[in-house]
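Please take these sequences and the hints and turn them into a complete structure.
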Amino acid sequence: SQQGEEDPQALSIQEGENATMNCSYKTSINNLQWYRQNSGRGLVHLILIRSNEREKHSGRLRVTLDTSKKSSSLLITASRAADTASYFCATDGGSNYKLTFGKGTLLTVNP
Amino acid sequence: EAGVAQSPRYKIIEKRQSVAFWCNPISGHATLYWYQQILGQGPKLLIQFQNNGVVDDSQLPKDRFSAERLKGVDSTLKIQPAKLEDSAVYLCASSPDSGGAQHFGDGTRLSIL
Numbered sequence: 865s866q867q868g869e870e871d872p873q874a875l876s877i878q879e880g881e882n883a884t885m886n887c888s889y890k891t892s893i894n895n896l897q898w899y900r901q902n903s904g905r906g907l908v909h910l911i912l913i914r915s916n917e918r919e920k921h922s923g924r925l926r927v928t929l930d931t932s933k934k935s936s937s938l939l940i941t942a943s944r945a946a947d948t949a950s951y952f953c954a955t956d957g958g959s960n961y962k963l964t965f966g967k968g969t970l971l972t973v974n975p
Numbered sequence: 302e303a304g305v306a307q308s309p310r311y312k313i314i315e316k317r318q319s320v321a322f323w324c325n326p327i328s329g330h331a332t333l334y335w336y337q338q339i340l341g342q343g344p345k346l347l348i349q350f351q352n353n354g355v356v357d358d359s360q361l362p363k364d365r366f367s368a369e370r371l372k373g374v375d376s377t378l379k380i381q382p383a384k385l386e387d388s389a390v391y392l393c394a395s396s397p398d399s400g401g402a403q404h405f406g407d408g409t410r411l412s413i414l
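The listed protein sequences derive, respectively, from chains A and B. Here the first sequence stands for residues 865 to 975, where the numbers follow our numbering. Here the second sequence stands for residues 302 to 414, where the numbers follow our numbering.
Calculated directly from the structure, the hints in this document are not laboratory data. Quick caveat, the model's predicted, so the values are computed rather than measured. Ideal placement from N, C-alpha and C gives every residue a C-beta, glycine not left out. Please note that a few of the clues may not be correct.
[Said to hold, decoys possible] Among chain B residues calculated to face chain A with C-beta under 10 Å, some are:
# : residue
1 : Q318
2 : S319
3 : L346
4 : Q381
5 : V390
6 : A402
Right, here's the structure in full:
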């Protein structure tokens, strides 16, 4: 079963705009990770946020985590056409650090 | 640093045939993962190895799927016999240890006729 659920399922924006994707989950976690997947390729790790952290930045990426609401958001600022991809959140909640992925958000950035 | 290598990239077989996938993780990574990704969904963990020992195989259909990681380096995943529902991309990932970022290969796209 998939714990994380991303919202929206699909998002289309213009280059230069910001993109926000949300992830909700059901059980307690050790950490939450975001990955990007370009069509026909493997996943690429973007950022990891631990359960005791509230916000984390990496370049144009900003991730927030609200453990009381069991939700996270990924903000991509000043989007580029190259950001077009599927974005997945993955939760790590077990003793063996098993990742459970959501269904993803398909982001399309139009030039 | 070389990435995670997987082969083949594509495979087409008929149902009830057998198939094997190979993965070579990043050098020095102790943890290796096999995922199944069905079109339109996120990856689902099939099996997780720590060195050459199995940490989690709770979602591996053991009646038809098997995996091994001899010598704690590269790994093979086998399906025998294949069913139509096994059509998916099979992704291999590795990490230095459990709990951190995972590095993925580009996967093997399996089509069952």
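Right, here's what the structure says about each hint:
1. Checking B:Q318 against chain A: minimum C-beta separation of about 24 Å lies over 10 Å; hint violated.
2. Using the Cβ-Cβ criterion of 10 Å, the hint placing B:S319 at the interface with chain A is not satisfied: the shortest such distance is roughly 24 Å.
3. Because the smallest distance between the Cβ of B:L346 and any Cβ of chain A comes to about 6 Å, under 10 Å, the interface hint for this residue holds.
4. Checking B:Q381 against chain A: minimum C-beta separation of about 25 Å lies over 10 Å; hint violated.
5. For B:V390, the shortest C-beta to C-beta distance to chain A is roughly 9 Å, which falls under 10 Å, so the interface hint holds.
6. For B:A402, the shortest C-beta to C-beta distance to chain A is roughly 4 Å, which falls under 10 Å, so the interface hint holds.
The structure fails hints 1, 2, 4 (numbered hints given earlier, in ascending order).
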